[in-house]
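Asker: The listed protein sequences correspond, in order, to chains A and H. If you want the working numbering, it's the position in the first sequence, counting the first as 1, plus 3. If you want the working numbering, it's the position in the second sequence, counting the first as 1, plus 59.
Hints in this document: simulated from the structure, not taken from any laboratory. You may find that some hints are simply not true.
[Said to hold, decoys possible] For lysine-lysine, the following DSSO-like pairs were computed, each having C-alpha atoms within a straight-line distance of at most 27 angstroms:
#, chain 1, residue 1, chain 2, residue 2
1, H, 109, A, 544
2, A, 87, H, 209
3, A, 633, A, 599
4, H, 109, A, 243
5, H, 167, A, 182
6, H, 167, A, 371
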Amino acid sequence: MKLDAKIPDYPIQDIWDKHKFELKLVNPANKRKYNIIVVGTGLAGASAAASLAELGYNIKNFCIQDSPRRAHSIAAQGGINAAKNYPNDGDSIWRLFYDTVKGGDYRSREANVYRLAQVSNNIIDQCVAQGVPFAREYGGLLANRSFGGAQVSRTFYARGQTGQQLLLGAYSSLMRQVKLGKVKIFARREMLELVLVDGKARGIVVRNLVDGKIERYEADAVVLATGGYGNVYYLSTNAKNSNVTASWRCHKKGAAFANPCFTQIHPTCIPVSGDYQSKLTLMSESLRNDGRVWVPKKKGDTRRPSEIPEDERDYYLERKYPSFGNLVPRDVASRNAKYVCDEGRGVGETGLAVYLDFADAIKRLGRKAIEDKYGNLFEMYERITGDNPYETPMRIYPAVHYTMGGLWVDYNLMSTIPGLFVLGEANFSDHGANRLGASALMQGLADGYFIIPYTIGNYLTSEELPKIDTDHAAFSQAETEVDERVKKLLSIDGKKTVTEIHRELGKIMWDYVGMSRTKEGLEKALEEIPKLREEFWQNVKIPADANNLNKNLEFAGRVADFLELAELMARDALNREESCGGHFREEHQTEEGEAKRNDKEFSYVAAWEYTGDGKTPKLHKEPLEFKYVKLTQRSYK
Amino acid sequence: MDRISLTLKVWRQKGPSEPGRLVSYELKDISTHMSFLEMLDVLNEQLIHKGEEPVEFDNDCREGICGMCSLVINGLPHGPQKSTATCQLHMRKFRDGETITIEPFRAKGFPIIKDLVVDRSAFDRIIQAGGYVSMNAGGAPDANNIPIAKEIADEAMDAAACIGCGACVAACPNASASLFTAAKISQLALLPQGHPERKRRARAMVAQMDAEGFGDCSNHAECEAVCPKNISILHIARMKREYLRTIFTA
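So here's chain A without its partners, still in its complex pose (with noise of 0.2 angstroms):
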């Protein structure tokens, strides 16, 4: 496996431009001959699905829930970062740049990040032309406000629903090119092999969810937009459903999976409340705009937060952090909600969360603003914790939210199989080791409006793609081999159900391979995970049979691989000997107790290349270099 990632040698800002030009295009005639398969109906999958068909692809676009409006996209509340400078605050392109890269504490490649500024702007018009209906100011014009990691108020935002307003404007899209034969929507399957051809991503294996039939489907090129891992944690901010398989079948046909232990921990979650948990649920990072994180200064003080007087308080992020204060980005402010919580000043029944206070706020702006800018979001605090924010600080604990790592892509999207591009979260292009609020969107738009159009193109009239059908060999064997796990699964018939398995796995996650990592914690994981692993294929007990709507068997092979990526994350966090971003080990700290890079040895990208069954992974290295960013301690002081 070579890893070459193809950014042309241009000045940053030149780069897309030239290589849009040089990048080969199809004839608008010829591109009705090509079949294109999306995986996922995100905004990655959503937006590249309508795009190419607008273009003249034919395509077909896969998704596991019963409609493509459902994917997990929709649950981003915040917004969409872009470098309108409308505010006239100081913000360019280049500034988003700045910030991306710093904000990913330097592990993104810069010529991406560069790429992906250019197009935010463009993101934010298409959008506003579908009818997305942003927040306005009483003037007309769009409304933005600041976001972590930033001091320019660049966030463009729909009430506390901008992913799902986003969403469906790439699904109304979407939905345009099904009425006009364009895209065919598969809802309810689930890809469970990728089919090589002469060593070309050439098809997908998927099951039918509804009678457990597994179908065929070939093209000529397969967009992979599955999103994240992270509920490899069992417990994260994730929809049920998402899962790694998609992109774990990729993996295991030859594509590199990159830096997988880089994760993000979003730190203004609704905290556990039992061992039933089954999600937890995020509140969106713009309440740290207007909210101020403190704890008591007293350990164990189980006072009630209105009894404990202002000098008792301490708003931790403001005294370590003046100048970015409650903004500082969410590597920063998770750990340090850890940290409070470790010294014994955590507060709530559990003492694992921190007060989010919105007490001055509604004193200086009045209640009316605030529920304005946060109506929805103090509801659902209510709803599901049964206290009002209005009234009572919100409790908060960090929780996975994202994952930075996925498929390795070059500067086309496309994995290290040809033809297997992959797109928004489940690639790991962009964010380094830290994602910046409101860039998810971004980049899953990005991708799919504006990029994979350009990039596949090129692909296609390069590459010799001979006709094939799905009768060819390797599609049946692709079949057999889910056939055969399938059954496999059915026949365990042990003692433990998948959601007793997952949650295991999900613990010794987040304790060893979460927040803060070891060195003895990750080869503690190393021992644990396969033992678990183990004990999954000889004990899970899988209810019903496969011809028929099966939930769990879908959730046990969705965990089955999960418990192979978990060993390669912990592989991936041993390797990596500095703190960056959301990785970090606690032997490689500054003395302020802020994540030390080691620069000089680990500048790079982490690539793994499957080996086979129980083998060790191979880990190859792409180099980042830095000309425009200087390389500096991330400083949020």
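Got chain A; can you put chain H on it based on the hints?
Answerer: Structure of chain H alone, referenced to chain A:
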């Protein structure tokens, strides 16, 4: 009380053409901090351990936004708490010893797949009929080119908040999809971007709603009462105006 015991009566149906029936289950020691779906998770774990088939129900985000969860709980789509989808309903809304009946959303347009899972693809086809602005990626003018009054943008957002769950259909005596269809028509009728196609859109979407077997609106307002996102029936009034416009104006 922190822990409660419940009797569940759950609709079990093996497949689309099989007969269904309510089956009773006893649940003990349910924490009132659990969500309703976590309570069903507990039931399913118990069923699996007993070697029985778990109850199938649709769900995904579990934070009230994806619209995948459904369920008619004690006769009410999404259950007793106002403005709340089933996945955000918590057990503190139920009493110790209570019997809870759980059924699927029922409508001709939503055929049952299994147990509590129904097919809501009719909603996708209603959107396909015209719930979009016909524009391709790449040609959009600057986002601030057309100012939109805040009040108008806010009202459009009220409509756009629809999560497409289908509770409106399940609650309506006519099984009408008017609230769902109107929310999209209204959003795009309010915004200037939607104006060029407003007539064609209203005609096509209403026709598709009829074709899918959903009834018409006769102002019962049950839809508004159960909508987890508080979509107002004023949007249905706007849809009717939009529809009339297609008939009476050139």
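Asker: Sort out whether residue 209(H) lies within 27 angstroms of residue 87(A), counting only the CA atoms.
Answerer: holds, 20 angstroms
Asker: Please verify whether residue 167(H) and residue 182(A) have alpha carbons no more than 27 angstroms apart.
Answerer: holds, 23 angstroms
Asker: Within 27 angstroms, alpha carbon to alpha carbon, are residue 109(H) and residue 544(A)?
Answerer: holds, 11 angstroms
Asker: Would you check the hint for residue 633(A) and residue 599(A), treating anything up to 27 angstroms between C-alpha atoms as holding?
Answerer: Since the Cα atoms of residue 633(A) and residue 599(A) sit roughly 16 angstroms apart, the hinted pair holds (cutoff 27 angstroms).
Asker: Could you grab the alpha-carbon distance between residue 109(H) and residue 243(A) and see if it respects the 27 angstroms cut-off?
Answerer: holds, 24 angstroms
Asker: Is the hinted pair residue 167(H) and residue 371(A) satisfied, with a Cα-Cα distance of at most 27 angstroms?
Answerer: violated, 43 angstroms
In summary, the one numbered hint that this structure violates is 6.
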